[in-house]
Amino acid sequence: MRVLLCTCDRAIKLPDLDVGPDNTIEQYDNMCKKKPDITHDEKVVIAGCSPNLMETLFPNVNAEFVNLYEHIILVGHPVYKAKDLILAAIEKMKVITPVKPKVFTIDNKSALVIGGGVAGIEVASQLAQNSINVHLIEKTPFLGGMVAKLDRLYPEGTPYSHTLMPHIGTMLKNKNIEYSFNTEIKDIKGKVGNYKIMLQTRSRGVIDCSHCGKCIDVCPVNVDDEGKKRKAIFYVPTYPETYAIDFKTCTKCGECIKVCLGKIELEEKITEKEIRAGAVVVATGLNWYDVSKVEEYGYHRLPGVMGTLEFERAIASGTLKPKKVVIIYCVGSRDSKHLPYCSKICCFLGLKEAKLVLDRYPNTQVYIAAMDMRSFGTFEYFYNTVREKGVTFIKGKPSEVIKRDGKFVVRTEDLYTNELLEIEADTVVLSAGFVADNATFDKLGIKLNGDFPVIYGNASLGNIELPRGIFTAGSATFPAGVADTLVDARKAAFSVLSLFKQDKIEAILANALVNEDLCSVCRMCIGTCPYNAISIVDDKIKVNEELCMGCGICSITCPSYASQLELFNPQGLSNQIKALVRKGDILALLCRWSAYNATDRAAYDKYMYPENVKIIRIPCSGAVDPTHIMLALISGAKGILIGGCYPDACHYVRGNFLAKAREQVLKMNLQHLGFKKDIVRLEWIGKDEANKFVEIVKEMNK
Amino acid sequence: MKALKISKLPDDAIRELLLSLFERKKIGGVFALAKTNTHNYAYALITNKELLKNITPTIPLMPANAGKLLSRLTMIEPVSTPIAVVVRPCELRALFELVKLEQAKLDNLLFVSFTCSGVYPTRFMIDGIENKLKAYWENIRTGQILQDLRESCRICENFVPDNADIILTLMGKDNSNESILLIKTEKGKNFLEDKSGQLIEADLELKKIENMRSKRIDEKKRVFADLKTEDFGIKGLTEIFGRCINCHACSKACPVCYCKLCYFESSESEYSSSTLEKELNKRGAVRLPTDTVFYHVGRLIHVGITCVGCGMCSDACPTSIPVFTIFNKTAEHVQQLFDYIPGRKIDEQIPLSTFNKKEFEEVED
Chain L
72 MRVLLCTCDR
82 AIKLPDLDVG
92 PDNTIEQYDN
102 MCKKKPDITH
112 DEKVVIAGCS
122 PNLMETLFPN
132 VNAEFVNLYE
142 HIILVGHPVY
152 KAKDLILAAI
162 EKMKVITPVK
172 PKVFTIDNKS
182 ALVIGGGVAG
192 IEVASQLAQN
202 SINVHLIEKT
212 PFLGGMVAKL
222 DRLYPEGTPY
232 SHTLMPHIGT
242 MLKNKNIEYS
252 FNTEIKDIKG
262 KVGNYKIMLQ
272 TRSRGVIDCS
282 HCGKCIDVCP
292 VNVDDEGKKR
302 KAIFYVPTYP
312 ETYAIDFKTC
322 TKCGECIKVC
332 LGKIELEEKI
342 TEKEIRAGAV
352 VVATGLNWYD
362 VSKVEEYGYH
372 RLPGVMGTLE
382 FERAIASGTL
392 KPKKVVIIYC
402 VGSRDSKHLP
412 YCSKICCFLG
422 LKEAKLVLDR
432 YPNTQVYIAA
442 MDMRSFGTFE
452 YFYNTVREKG
462 VTFIKGKPSE
472 VIKRDGKFVV
482 RTEDLYTNEL
492 LEIEADTVVL
502 SAGFVADNAT
512 FDKLGIKLNG
522 DFPVIYGNAS
532 LGNIELPRGI
542 FTAGSATFPA
552 GVADTLVDAR
562 KAAFSVLSLF
572 KQDKIEAILA
582 NALVNEDLCS
592 VCRMCIGTCP
602 YNAISIVDDK
612 IKVNEELCMG
622 CGICSITCPS
632 YASQLELFNP
642 QGLSNQIKAL
652 VRKGDILALL
662 CRWSAYNATD
672 RAAYDKYMYP
682 ENVKIIRIPC
692 SGAVDPTHIM
702 LALISGAKGI
712 LIGGCYPDAC
722 HYVRGNFLAK
732 AREQVLKMNL
742 QHLGFKKDIV
752 RLEWIGKDEA
762 NKFVEIVKEM
772 NK
Chain G
69 MKALKISKLP
79 DDAIRELLLS
89 LFERKKIGGV
99 FALAKTNTHN
109 YAYALITNKE
119 LLKNITPTIP
129 LMPANAGKLL
139 SRLTMIEPVS
149 TPIAVVVRPC
159 ELRALFELVK
169 LEQAKLDNLL
179 FVSFTCSGVY
189 PTRFMIDGIE
199 NKLKAYWENI
209 RTGQILQDLR
219 ESCRICENFV
229 PDNADIILTL
239 MGKDNSNESI
249 LLIKTEKGKN
259 FLEDKSGQLI
269 EADLELKKIE
279 NMRSKRIDEK
289 KRVFADLKTE
299 DFGIKGLTEI
309 FGRCINCHAC
319 SKACPVCYCK
329 LCYFESSESE
339 YSSSTLEKEL
349 NKRGAVRLPT
359 DTVFYHVGRL
369 IHVGITCVGC
379 GMCSDACPTS
389 IPVFTIFNKT
399 AEHVQQLFDY
409 IPGRKIDEQI
419 PLSTFNKKEF
429 EEVED
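Here the protein sequences come in this chain order: L and G.
When the first sequence is numbered by the numbering used here, its final residue is 773 and no position is left out of the sequence of numbers.
When the second sequence is numbered by the numbering used here, its final residue is 433 and no position is left out of the sequence of numbers.
Please keep in mind that the hints were generated in silico from the structure rather than gathered at the bench.
All of these numbers come straight from a predicted model, not from anything done at the bench.
All C-beta atoms in this analysis are idealised placements derived from N, C-alpha and C, irrespective of residue type, glycine included.
Just to be clear, a hint being listed does not mean it is correct.
Computed Cβ-Cβ distance ranges for the label pairs, DEER-style [said to hold, decoys possible]:
| id | chain 1 | residue 1 | chain 2 | residue 2 | range |
| --- | --- | --- | --- | --- | --- |
| 1 | L | Pro149 | G | Val354 | 23 to 33 Å |
| 2 | L | Thr241 | G | Asp175 | 48 to 58 Å |
| 3 | G | Arg311 | L | Ile576 | 55 to 65 Å |
| 4 | G | Arg92 | L | Lys611 | 51 to 61 Å |
| 5 | G | Leu356 | L | Met269 | 53 to 63 Å |
| 6 | G | Val354 | L | Pro411 | 50 to 60 Å |
| 7 | G | Ala270 | L | Lys323 | 55 to 65 Å |
| 8 | L | Val289 | G | Lys255 | 52 to 62 Å |
| 9 | L | Asp759 | G | Arg281 | 49 to 59 Å |
| 10 | G | Arg311 | L | Thr127 | 51 to 61 Å |
| 11 | L | Pro92 | G | Cys315 | 32 to 42 Å |
| 12 | L | Arg482 | G | Arg92 | 35 to 45 Å |
| 13 | L | Lys84 | G | Ala353 | 27 to 37 Å |
| 14 | L | Asp108 | G | Asp175 | 41 to 51 Å |
In the DSS-like style, the derived pairs of lysine-lysine whose C-alpha atoms are separated by at most 27 Å in a straight line are [to be verified]:
| id | chain 1 | residue 1 | chain 2 | residue 2 |
| --- | --- | --- | --- | --- |
| 15 | L | Lys747 | G | Lys289 |
| 16 | L | Lys654 | G | Lys350 |
| 17 | L | Lys709 | G | Lys289 |
| 18 | L | Lys611 | G | Lys173 |
| 19 | G | Lys350 | L | Lys773 |
| 20 | L | Lys408 | G | Lys413 |
| 21 | G | Lys289 | L | Lys769 |
Derived list of chain L stretches under chain G, where covered just means 3 residues or more per stretch with a C-beta under 8 Å from a C-beta of chain G [as the list claims (entries may be wrong)]:
| id | segment |
| --- | --- |
| 22 | 162 to 175 |
| 23 | 413 to 423 |
| 24 | 564 to 574 |
| 25 | 728 to 734 |
| 26 | 740 to 748 |
Using the sequences and the accompanying hints, generate a full structural model.
Put into structure tokens, the structure is as follows:
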């Protein structure tokens, strides 16, 4: 192993440093000016200035950095400590396996788009216009998704078709899009640039269609499709222009076949087809939360209590002419029993429903009962418009809906007037929040725990060094209006295009790896991974490379260390601790994102601290193993400091909370084994809090 | 609760129950302690009903923790025919803990257990456990704690098998020919549905249980106070674990030490010669075998939350290190921190196995 030593213009001299027979030492006066070459497959120890700087000089190397400048020279610590730090780093690297560069070849430059709603249509359209071959799959028989179910769109109030149809029209002009309806993915294999996807298609029933509509006239089965009446054979005026049979309700009476000018088959067939793609865009949209779960509002129990969509469709078709409507907001939303989050768009949907009914029937009395009206940005104008139309707003969350003398009674408080109200109405509309369409994400190995894949969709959190092959668009990651969805779809299309610009991507990045020989498949690691990157594949633990961010939390959750973070394995750390810690030392294990930076700051600001404080840089406070702390104590440390990010500021979402919980357990153990309670301290140290760091170690050194 | 009354001594009563389950084809096998030689007892899986005569479920021995054995048996797939399992409460809790860790499966197992008065150290088998039995049952009747039992048993508070399907009430039992088998669960009821006509109403011997529990708590206070772990520190740890010969028998015997390959037995924990040399340069001397203290405290951290307190570790230790006492004394506080009794309920999550903020708030000081 090469030990590269920068003397920083001969500010530090280590003439008698013995690095052992297997290692060679190379000295540089100014590594920042004359940079040695380091290959990706060798292991090195780099001693010089702070790793924060060294990492920019030597990105993607298999190195342990020894901070001589900030931790020795600037703080005036003795030379023997520098030697200890270097030798300990060598001990660590000795057992480290170099990270293998991850090579991704983008073999296939066609894209699979899942979902034929407005998001999927826009993605397909944008990609096709850029000469990318696209396969668009839609699980229903027709394009349009959620938008095609609506009557009008907010805030303009234009019919949905004014927006949707031009987009469909633009897409259809492209010849390089293949469409599969009634189709879902059954299974996906491979990785970015080369996915093998098995598609499963349910037959449409109508094979050859001349669009005459006679089948609808004769079909005896009436279906209520979320407030819209249709037959078991039906058509949605988007695309394709072929009728379809709803096999869930079809009785196979054969009446349609008798009048059909084309061809109908009444046996539902399921076919499978394997396709290949280099990227997948998930545009699966959202579903309404099941309002019947909010029992106090009586959906199902009280016929006539409606969901938003049912109401909109009933008004649009003229089957409902209400006199007095109460729209209840946040049904199940921002409620720990139901949906803990705000779905962001339902406030506008509710306003739209109010406007819809007043546009048609201006004398209707409309009440909106809402905890809060969240009409952010320019939607405030929309809110004002609706308010001026004479809608009465009540601030409060209704406690229940009952039926009295043939009328609905909505019981609520009004926080504006501090009164308890009972509003009689002939129509009650429940404006619910939204839930993610989980099935597709499950198959793609993105676990949701019932929530939206916000972390996966959040571009500011993702691992930008690793190429990603699965993208999201529109409401699949969180409810969004049509305008936001279109922007998001273009963003997704752009990401696919950027990926397809490349033929080969090489990344050197530390991931967690699972050693199957050690793994007992106890699944303990699965629950603690902040990124849901670990799952069971063929009865084995598997880490999804695309999702793993390299925090190392799984590694210490595993009692047999079967899961190990590259460049930071438990054996390496225990070697390092054994070699570094002398009797009476204070070992500081400091998070690279926060506390470690505070030590650099301490050096620059001349905050001096005792020389027996030995610092090791770690990926996250959550990656500290209590057994390593015990090892340090056995090796003679008189105190151990773990420095992490402040609560909620963890780079890896929740590593510091786990660290806190583990610290408490460890302290309890230590106390009963005859150690002082504060021999181990976990402290939140911000990246600039040099004085806090110094005060803590001084206190520990007393 | 419904119960089956059998006018026989406890072991005979269990035998009769199992035989009738066998004959009515409710079960295809029995897992229980059995006499294997003149003085030897071991767990056995029995499918020939003629051999049922050899089972001795209440013999006060625990040659292995049955939880670990059943985990081996069901790790890959559950048993295909129903098997009646007769084990002690801590063994059942160990099994439940292992199920949570995906190392065992409960399907097709019917659990029969009893209010447990503890077991003797396994080495008592050498001189024959039979000559201990009279004193054992006499102490059960009088509700006293025998001082030559395993330490873990003398201080055990969780001796009622809350998660068994059928519970034989033994606490305070006299030597009359009357055994009460409580049917605790729906599953138990299903197995005994054709006996429903003969069932009586009965309950756990609550008063005697409470009496025993308070005695054991006193005993625990005494035992824990005797071993002054809080004075250990590095010096004390090195002294007590300095006796360790690195055989790892404690981890082999421990039911919740479930790793396929222990880190301390893997090549990763081996010292290379250069590492050893560095240690020597720094310290001048190194104790061999190395890392015995590290091994024990490492294990203590790993099993602290899930320790069921069966005492197998101390029983297995050839150099009489009070592993159980040290582990259980520290584990007790950790378990209390999360209000967690290992194996008590199958749907109770192991603390720190998933992240939830509530857990964090609970432990925040």
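Task: CB-CB spacing for Ile576 of chain L and Arg311 of chain G relative to the 55 to 65 Å hint - done: holds (56 Å)
Task: Stated coverage of the segment 413 to 423 of chain L by chain G [criterion: 3+ residues, CB within 8 Å] - done: violated (count 0)
Open item on the list: Checking one constraint from the list: CA of Lys408 of chain L to CA of Lys413 of chain G, max 27 Å. Satisfied?
Closed with: Holds - the C-alpha atoms of Lys413 of chain G and Lys408 of chain L are around 24 Å apart, at most 27 Å.
Open item on the list: Next pair to validate is Lys350 of chain G with Lys773 of chain L; report whether the Cα-Cα distance is within 27 Å.
Closed with: Holds, at roughly 24 Å.
- [ ] Confirm or reject the coverage of the segment 162 to 175 of chain L by chain G under the rule of 3 or more residues with a beta carbon closer than 8 Å to the chain's beta carbons.
- [x] Answer holds; 3 residues pass the 8 Å Cβ test.
Open item on the list: Holds or violated: Lys611 of chain L and Lys173 of chain G, Cα atoms, limit 27 Å.
Closed with: holds (17 Å)
Open item on the list: Taking 52 to 62 Å as the stated bounds, is the beta-carbon spacing between Val289 of chain L and Lys255 of chain G within them?
Closed with: holds (55 Å)
TODO: Using the beta carbons of Leu356 of chain G and Met269 of chain L, state whether their distance is inside 53 to 63 Å or not.
DONE: With a Cβ separation near 58 Å, Leu356 of chain G and Met269 of chain L satisfy 53 to 63 Å, so the hint holds.
TODO: For the pair we were handed, Lys747 of chain L and Lys289 of chain G, check the Cα-Cα distance against 27 Å.
DONE: Holds, at roughly 22 Å.
TODO: Given the hint that Lys289 of chain G pairs with Lys769 of chain L, test it: the Cα-Cα distance must not exceed 27 Å.
DONE: The hint is violated at about 39 Å.
TODO: Verify the proposed pairing of Lys654 of chain L with Lys350 of chain G, using a straight-line Cα cut of 27 Å.
DONE: holds (10 Å)
Task: Coverage claim, chain G over the segment 740 to 748 of chain L, checked by counting residues with Cβ within 8 Å (three needed) - done: holds (count 6)
Consistency note: the structure conflicts with the earlier hints numbered 4, 12, 14, 17, 21, 23 and 24.
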